[in-house]
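Q: All chains should be built: construct the whole structure from the sequences, respecting the hints.
Just so you know, the sequences run in chain order A and B.
Under this note's numbering, think of the first position of the first sequence as 1, with each following residue one higher.
Under this note's numbering, think of the first position of the second sequence as 174, with each following residue one higher.
Just so you know, these hints were derived from the structure itself, not from any lab.
Careful: at least some of the hints might be erroneous.
Here are the simulated DSBU-like cross-link-like pairs (lysine-lysine), alpha carbons at most 30 Å apart as the crow flies [as the list claims (entries may be wrong)]:
| id | chain 1 | residue 1 | chain 2 | residue 2 |
| --- | --- | --- | --- | --- |
| 1 | A | K144 | B | K223 |
| 2 | B | K301 | B | K349 |
| 3 | A | K140 | B | K223 |
| 4 | B | K223 | A | K61 |
| 5 | A | K86 | A | K144 |
A quick note: this is a predicted structure, and the numbers were derived from the prediction, not measured.
The chain contents come next:
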Amino acid sequence: MEREEVKQKISEKFGDRVRIAERSPKRVYVYAENDVWVDLAAFVFNDLDARFDTGAAVDDKDGVEVMFFFPFDAEHYYLTVKTFAKKPKPMLDSISNIIPGAKWIEREIFEMYEVTFRNHPDLRPVLRADTRPVDYYPAKREVKDEHETARKRDDGTERADEVAGKPLEGKNP
Amino acid sequence: MVKKVPIGPYHPILEEPEFFELHVDGERVIDIDITIGWSHRGIELLSEHKTWDQVPFLVERVCGICSASHPFAYVKAVDDLLGIEVPLRAQYIRVIVAELERIHSHLLWTGLAGHFIGYNTVFMWTWKYREPLLDVIEAITGNRNHYATYRVGGVRRDIPQEEIPNTLKMLDQLEKNNDMLTKAILDDPVIHARTKGIGVLPTDKCRLYGALGPTARAGGYNIDSRRDHPIDAYDKVDFNVIVCENGDVFDKAVVRQLENFESIKIIRQCLKQMEPGDICAEIHEIPPGEGIGVYEAPRGEVLHYVRSDGGNTPLRHKIRAPSFNNILTNEVSVPGSTIADAGLITAAVDPCYSCTERVGVVDRNDGGRWFLAEGDLIRLSQEKTEEIRKRFARGTEST
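A: So this is what it looks like as structure tokens:
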């Protein structure tokens, strides 16, 4: 399905609960509020017939940005569905019951960033060594902050805090 | 009577850590629980401590076989963030090295699968045919693996003109050898009996589980990011996407064998079309932003996602190797098979363990558990092949 048609259908169905941005003809980003996040992912996968690829997360001071990638292969572009799970207890609905292929990536995001996915069929850590403490989430900003070098660049300056979950100048949602 | 059979701690074919717990009733597998993460090395976090230009050296060590695919996807992610087109010659060199990698990866899998079902001649052939290919890769890049070719904006080194005749000569011989190997596999009634109808992954499940590469295409799921999301020189060359329909182990082997011919075709076109020119664009800094890079690795699509805050290192670098999606499909393809086939089915997705292995068997009736070592599984698999050979010899089975 072509980009314009996809953007229009998403806007019609979800209204102001989503924001859409296009960085290039091959990259469309849709930022969704938490409450419609799973409905949007299900709509893109089932109704718009996108392929499911995988997910990713980026940690920030205030929460965790979670995203899933949905390629439209015949039209040669990627649609990325994003949402922002707020701290201190980031929590989102799981899409694994709709897309079984998302089971492991949601488990990974949970064990790395402490994002809890409600209704996930089996939210055990997927990569963690048996010896790692249960409440240790290695990719969390707070964990990284404990290690001085992880927050600093080579020249000693601090990394920016304002990237994840926030609009990038003029382009991203 | 349902038992749990743990297979491992190393995968019988590929000798890397992964753990499968098979729930069995007699010889029949009825459920599978997969545990990955045995070689988790934290590469995504390591990447955040490398400069943009150092990351390709890191990510080509995600996997010893996909040491072109990961840096290719990474540099495409950064190219996407920057919104640049790399010089034409660099585009061709990137594709040539990546396609040479695909052929040696597919040959490696075919050899190991042959060994597992008791065809050690196939194993010897593929190793022999793969060697001149690795020599060419070494001549072009300096290494048999870990090519250090890819960099943001282009490639690190040119292909010397004097290496092109050698490469073409190697491709001619490789095409003949691959043709003979393909015919030998496709015409062998015992291989048919041993692999057809085994480990079936239907098209609808491919989509639901996000299956990728030959695992998906064998099941009729027609995806290939070289065609669907063409990068660099892929839209300038002509090639076919090999798709089968049954989704069994046999079709997965067929897809890989036939893809070798397509790769040879692509490399020849690139060598012919490539003209002298720059091999790298000048990049001064990476601005804040995000980029997605995808490349069709031998096992399926690799995805890299990068986020920049304008600094000299990635703020976030997500790597998704195809095995992460493909290994999960064993939940569909293994139940219903026998223990002797389970090792072959789990290996048919050509899992990359450094990108992820072990197996346990649990008896559902008495709750008993036992582990199968590498030798046990290979023995079980080869015994089954031998049994089929004998049935053919007695004339009690036909194709």
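Q: For every hint, state whether the structure bears it out.
A: Going down the list of hints, with the structure as the test:
1. A:K144 <-> B:K223: The hint holds at about 16 Å.
2. B:K301 <-> B:K349: holds (13 Å)
3. A:K140 <-> B:K223: Judged against 30 Å, a Cα distance of about 19 Å means the pair holds.
4. B:K223 <-> A:K61: holds (22 Å)
5. A:K86 <-> A:K144: Holds, because 18 Å separates the two Cα atoms, which is no more than 30 Å.
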